[in-house]
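Q: Letter by letter, the chains look like this.
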Amino acid sequence: GQNIDQPTEMTATEGAIVQINCTYQTSGFNGLFWYQQHAGEAPTFLSYNVLDGLEEKGRFSSFLSRSKGYSYLLLKELQMKDSASYLCAVGRGSYIPTFGRGTSLIVHP
Amino acid sequence: DAGITQSPRHKVTETGTPVTLRCHQTENHRYMYWYRQDPGHGLRLIHYSYGVKDTDKGEVSDGYSVSRSKTEDFLLTLESATSSQTSVYFCATAGTSFTEQFFGPGTRLTVL
Chain A
1 GQNIDQPTEM TATEGAIVQI NCTYQTSGFN GLFWYQQHAG EAPTFLSYNV LDGLEEKGRF
61 SSFLSRSKGY SYLLLKELQM KDSASYLCAV GRGSYIPTFG RGTSLIVHP
Chain B
1 DAGITQSPRH KVTETGTPVT LRCHQTENHR YMYWYRQDPG HGLRLIHYSY GVKDTDKGEV
61 SDGYSVSRSK TEDFLLTLES ATSSQTSVYF CATAGTSFTE QFFGPGTRLT VL
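Listed in order, the protein sequences are those of chains A and B.
Each step along the first sequence adds one to the number in my numbering, with nothing skipped, and position 34 is 34.
Each step along the second sequence adds one to the number in my numbering, with nothing skipped, and position 66 is 66.
It is possible that some hints are incorrect.
Label-pair ranges, simulated between beta-carbon atoms [what the hints assert, rightly or not]:
{"id": "1", "chain 1": "B", "residue 1": "ASP62", "chain 2": "A", "residue 2": "GLY15", "range": "43 to 49 angstroms"}
{"id": "2", "chain 1": "A", "residue 1": "TYR70", "chain 2": "B", "residue 2": "GLU14", "range": "42 to 48 angstroms"}
{"id": "3", "chain 1": "A", "residue 1": "GLN79", "chain 2": "B", "residue 2": "THR99", "range": "25 to 31 angstroms"}
By construction, these hints were calculated from the structure, which means they are not laboratory data.
Cβ coordinates follow ideal geometry from the N, Cα and C atoms, glycine included.
Next up, chain B with everything else stripped away, as it sits in the complex (with noise of 0.2 angstroms):
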């Protein structure tokens, strides 16, 4: 299994807050992605970056913010959260053979 942490596993915050979700890899994958699950919705990609500095928007980024400066890392931020991004969130990396993408242990935000 690829090296992928996620951190914090769980958190509880309160809307309006900011809050950043860590994505750590220790497998010197280029590419890495956000994802958010919510019951009847699957996995929808929130944004997803393919080299340090390099991101782009997924299909449910408004709200959202990432950063990679380094190739180890990616965060995550919502900049002022809602109850509508009670989710869990996982992080998935890939390397450049694109065969198949290997997910974090995902993150359980509530947002009260």
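Next up, chain A with everything else stripped away, as it sits in the complex (with noise of 0.2 angstroms):
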């Protein structure tokens, strides 16, 4: 079976940095994802980690610790528009993702 722990919602102010966490137990572990998805819009992919250690692709980094079933997504200077809903996924053999339950992260001035 599989368990995909991620908080429900998180606020934070234009311009700041926030770290997203995801938790996870899974046999068969492959990779993990993120995924952003804006109000009635579909998921958008943001990354890949396979490997430990960091990633970063532009304000976005992610960070995957195998050993500890974790995983953060770390968002700098915030916008606006980065308000949306942001997935944890996880990829196990078969090419099947499991994902968690998402987190609301709400931007305000």
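Put the two chains together into one complex, using the hints given.
A: Dropping the structure here:
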């Protein structure tokens, strides 16, 4: 079975930094995905981590620790348009990703 | 973006009627998925396909069936729609490298 936990909601201020955590317990782990989903829209891909460590992509970075079953998404220089849900998904064998319930991020001025 | 379309985009139907949702992709991706998204539950996998005529169940497959007769098309059928199947349905695809999934725009289904 699988268990993926992430906070339900977070708030932050424009220009600040926010870290969204995701913990998981799963068998057959082969990678961790982060997606962004604006209200009423489809999820869009942000990052994919296979190896331990931090991967940076512009204002967004994603970290993975396989031994701890832990990942985080770091958003820097927050903008109002970053208000969205952020979905953590664990990939396992046979190309079947399983999604957490998502974290709703609210960025206020 | 991968070319993924879903039809219809919105549908209202009555309990007990059959409903078919269509997902069409133009990227020749091997893997295709159907998810439903409900408040408080996130994205839950209904069925997936790993090739033409090769499909398997996800975690919430009861009441749903799928078919994939061509690489580009993946159909989801609600055999007899119930109010609990009111949801937003997303189709997704992935290539063989499986470094990301591409999602369609979604279908909002309401079962009265």
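Q: List, from low to high, the hint numbers that the structure doesn't satisfy.
A: none
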